[in-house]
Amino acid sequence: LSLALYAGSLCAASRAAFLYHDYCVIGAGPSGLQVAYFLQQAGRDYIVFERSHAPGSFFALYPRHRKLISINKQYTGKSNSEFNLRHDWNSLLSHDRRLLFRHYSHDFFPNADAMVHYLEDFASLLKLQVQYNTAIIHVMLERDEQAWNGHYFLLTDQDRQNYKCSSLLVATGMWVPNVVNFPGSEYVEGYETVSINPEDFAGQTVLILGRGNSAFETAENILGVTNFIHMVSRSRVRLSWATHYVGDLRAINNGLLDTYQLKSLDGLLEGDLEDLAIIKDKKGKLHITLRFYLENRNTSAGVDSITLPQDELDNFATRAPYDRVIRCLGWKFDFSIYNRSLRLMPGKGNKKKYPQIKPSYESRGTRGLFILGTASHSVDFRKSAGGFIHGFRYTTRAVHRLLENRHHGVRWPSTVYPITQLTNSIIKRVNEASGLYQMFSVLADIILLRENATAFEYLEEYPVGVLAELETQTGRRAPNGLFVVIMEYGRNFSGADKDVFYYNRAVGEAQHAWQSNFLHPVIYYYKHLPTEREMKLRPPDWPLPRPDAVHHIVEDFLTDWTAPNAHILPLRRFLENCLSTDLRNFFAESCFFFAFTRQKLPPFCQQGYVGMQGLLGSEGLRRHAVEAGLLEDYTPRDFSGDKMPDSREGSQDQLLRDHAIPVRPLQHLVNAKDE
1 LSLALYAGSL CAASRAAFLY HDYCVIGAGP SGLQVAYFLQ QAGRDYIVFE
51 RSHAPGSFFA LYPRHRKLIS INKQYTGKSN SEFNLRHDWN SLLSHDRRLL
101 FRHYSHDFFP NADAMVHYLE DFASLLKLQV QYNTAIIHVM LERDEQAWNG
151 HYFLLTDQDR QNYKCSSLLV ATGMWVPNVV NFPGSEYVEG YETVSINPED
201 FAGQTVLILG RGNSAFETAE NILGVTNFIH MVSRSRVRLS WATHYVGDLR
251 AINNGLLDTY QLKSLDGLLE GDLEDLAIIK DKKGKLHITL RFYLENRNTS
301 AGVDSITLPQ DELDNFATRA PYDRVIRCLG WKFDFSIYNR SLRLMPGKGN
351 KKKYPQIKPS YESRGTRGLF ILGTASHSVD FRKSAGGFIH GFRYTTRAVH
401 RLLENRHHGV RWPSTVYPIT QLTNSIIKRV NEASGLYQMF SVLADIILLR
451 ENATAFEYLE EYPVGVLAEL ETQTGRRAPN GLFVVIMEYG RNFSGADKDV
501 FYYNRAVGEA QHAWQSNFLH PVIYYYKHLP TEREMKLRPP DWPLPRPDAV
551 HHIVEDFLTD WTAPNAHILP LRRFLENCLS TDLRNFFAES CFFFAFTRQK
601 LPPFCQQGYV GMQGLLGSEG LRRHAVEAGL LEDYTPRDFS GDKMPDSREG
651 SQDQLLRDHA IPVRPLQHLV NAKDE
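For the sequence shown, UniProt numbering begins at 1 and goes up steadily by one.
None of these hints come from the bench; they were simulated from the model. We put the beta carbon where it would ideally sit given N, CA and C, even for glycine. No incorrect hints appear here.
Computed list of lysine-lysine pairs in BS3-like fashion (alpha-carbon distance at most 30 Å, straight line): (1) LYS332 - LYS348; (2) LYS164 - LYS332; (3) LYS78 - LYS67; (4) LYS164 - LYS352; (5) LYS527 - LYS600; (6) LYS164 - LYS127; (7) LYS78 - LYS428; (8) LYS67 - LYS332; (9) LYS600 - LYS428; (10) LYS428 - LYS527.
Pair by pair, the computed Cβ-Cβ distance ranges are: (11) GLU186 - LYS263: 30 to 38 Å; (12) SER580 - GLU471: 21 to 29 Å; (13) ASP334 - SER185: 16 to 24 Å; (14) GLU82 - GLN515: 22 to 30 Å; (15) LEU265 - ARG234: 21 to 29 Å; (16) ASP499 - ARG97: 36 to 44 Å; (17) ARG97 - ARG319: 55 to 63 Å; (18) LEU569 - ARG382: 32 to 40 Å.
Work out the full structure, taking the sequences as your base and the hints as a guide.
Dropping the structure here:
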C-alpha cells in the first residue's frame with residue numbers, strides 16, 4: 001500500500017509539473033498551422049495544441065453541405081506565384097510548392113473534405129510540432145518580472161497536464177454556435193445538427209432564423225423539395241458583390257432570392273429574433289407569435305387559448321404554421337477557458353462575438369496574448385478579408401514578424417534601393433503583391449526615405465493600424481518621411497444599399513483617379529511618421545490620417561497597373577513633387593549634357609552615369625531614342641533637308657571595314673619615331 005501511494009504521488013507530481021515552451025499555440029486550424037510554419041522556419045521553441053486527432057477539425061463538419069465559398073482559381077494566365085495567390089483563397093503560405101491548394105482540388109468552390117486533406121498534409125509534410133488529442137481547458141497568468149512580458153501563461157489540458165509559455169497565440173477560431181433564447185426556442189434545430197438530407201424536408205414548410213451564408217446554404221439544399229421557406233433576421237440581406245465583403249451572402253448560395261423575387265412562395269422577413277416566440281400545437285405544427293402575447297396571457301390557459309398575431313391582424317406574414325424551424329446564426333469565440341487574470345473581453349456591438357484586440361492583433365488586456373485567424377476579424381470586420389484564410393495567412397505572418405522583433409531582435413524584413421528605383425518598386429508591388437490585394441485597407445507597404453532622398457527602405461505588408469508604432473514594432477527608423485502604399489475601394493462605392501452596377505461606374509482617366517470605385521492602389525506621403533493622436537483622429541472610414549500628399553492610381557479593368565501614360569507617368573510625377581527631384585531615367589548623352597548645363601544632376605545620372613554604371617549605347621538604341629522623342633536628332637543635314645551620309649550608320653564591324661586604317665609595319669613606326 002505504501003509503495004502504491006508513493007508511486008501515485010510521484011505520478012501526480014510529474015503531471016503537476018509544467019512543460020515549458022516559448023510559444024504556445026492553441027488550435028491546429030489554418031491559422032494555427034500557419035503561425036507554426038513561421039515559428040519553425042525561424043527555429044523557435046513552440047508547441048501547437050489540438051483537441052482533435054487531426055488538424056482542421058472544424059472543416060471535418062463545416063460547412064454542413066460541404067461546399068466551401070473560398071475560390072480556387074486554377075488559371076490566371078500568369079505564372080507569377082505571388083500574383084496567383086490573389087486568386088487562390090485556400091492555400092497557406094510556405095516554401096513548398098506541393099502545398100498549393102490547386103493540387104488538392106480542381107473545383108472553383110472546393111469540397112471541405114479537400115481542405116481537411118490539405119491541412120493534414122501541411123502539418124505532416126512540414127513536420128510541424130502539433131500535439132493532438134489535447135484540449136486546453138484552462139488558461140491563467142503567473143506574474144514573473146523575468147518573463148518576456150512580465151508574466152507566464154499557464155495552460156491545463158483535459159488530463160490535468162500543465163504547460164507554461166512566454167507567449168500565447170490563440171488560433172481556436174469561432175466554433176461556439178450563436179443561440180438566441182426566446183419562448184419556444186427548444187423547438188428550434190441548430191445548423192450544427194440539422195439533417196442535410198433533402199428528402200427529410202420533402203413537402204414541409206420551413207422557417208430559417210438567420211441571414212448569412214450558413215442560412216442560405218441550408219435553404220439552397222432544400223429549396224426544391226419544401227412547400228416554401230421563410231427566412232427571418234434582424235437585418236436586411238447583404239450581398240457580397242455590393243459590400244465587397246466576402247463574408248456577406250455569396251452568389252453561389254442566393255437561390256432563395258430568385259424564388260422570393262420571382263413569386264415562387266419563398267420569402268425574407270426582418271424582425272428582432274428576441275421578440276419572437278414559438279408555440280407548438282397538438283399536431284406538432286410550429287406557430288410564430290410575439291413574446292408580448294405570451295407575457296399577457298393567463299398562465300393557466302391551454303395552448304389553444306394563446307392569442308396569435310393573426311387573430312388581430314389576419315394577413316400577418318408568418319401566420320402559416322411551420323413544420324421545422326432551423327437556427328443558422330453563425331458562431332462566436334469561446335471565452336470560457338480563460339481566467340479573469342487574462343482580461344480577455346468580448347467586443348462591443350456587432351463585434352461582441354470577437355475578443356477585444358489591438359490593430360497589432362494583441363489582446364487589449366494582456367501583453368503577449370495574440371489572437372490569430374478568424375477570431376482576429378474584429379480588426380477589419382465587414383471591411384477586409386482578415387476572417388478568412390486568404391486574409392489571415394498574411395496577418396499571421398505580420399504577427400510573427402512583430403514577435404521576432406520584440407523577443408528576438410530580428411527587425412522587420414526590408415530591402416534598400418536607390419531612389420531611382422522608387423517608381424519601379426511601387427509598380428511591381430501593386431501589380432503582384434497578394435497581401436496588399438487581399439488585406440486591402442489593413443496591410444500596407446511602407447517606404448522609409450533615407451537622408452536627402454538618395455535611397456529608400458522598403459517594408460512589405462505592415463499593419464497600418466499601428467503605423468504610429470512603426471519604429472518600435474519593426475526596429476526600423478523613419479526620420480526622413482515615408483510613403484504608404486495601400487489598396488482601397490472608392491469611399492462611397494460599397495454598401496448593402498449600393499447599386500454597384502450603375503452606368504459609368506468606372507473611371508478611366510488618370511486625372512479622375514481619386515474618384516476610382518473599384519480596388520486600386522493609393523499612395524500616402526508623410527513628411528513625418530504619424531503620431532498616435534493623429535491615428536485616433538483620422539477621418540471616419542479612412543485607414544490612415546490625413547497625409548501631406550496623396551495619390552490614387554486610376555482603377556484598371558484588368559487590375560494591371562502598368563500603362564505608361566495612365567498609371568506610371570502620374571505616379572512618377574507625384575513622387576517627384578513629394579521629393580523635389582527628378583526620377584526619370586536618362587541616356588548617357590543626356591547625363592553628359594546635364595553635367596555642363598545644370599548645377600545638380602538627376603539621381604539617375606548621379607548614381608549611374610557619374611558612377612560609370614549603365615548600359616553601353618549603340619546606333620540602334622540611339623535611333624530608337626530619337627524616334628521616341630527621348631533624344632535630339634543631331635544627324636547632319638544638307639541644304640535640301642536630307643540626311644548627309646553618316647559614317648556612324650551600320651554596325652561597328654561595317655564601320656571598321658569602311659574606314660579601315662592601313663596598318664604600317666612596326667619597323668616603319670620605329671623609323672618614324674627616330675625621325
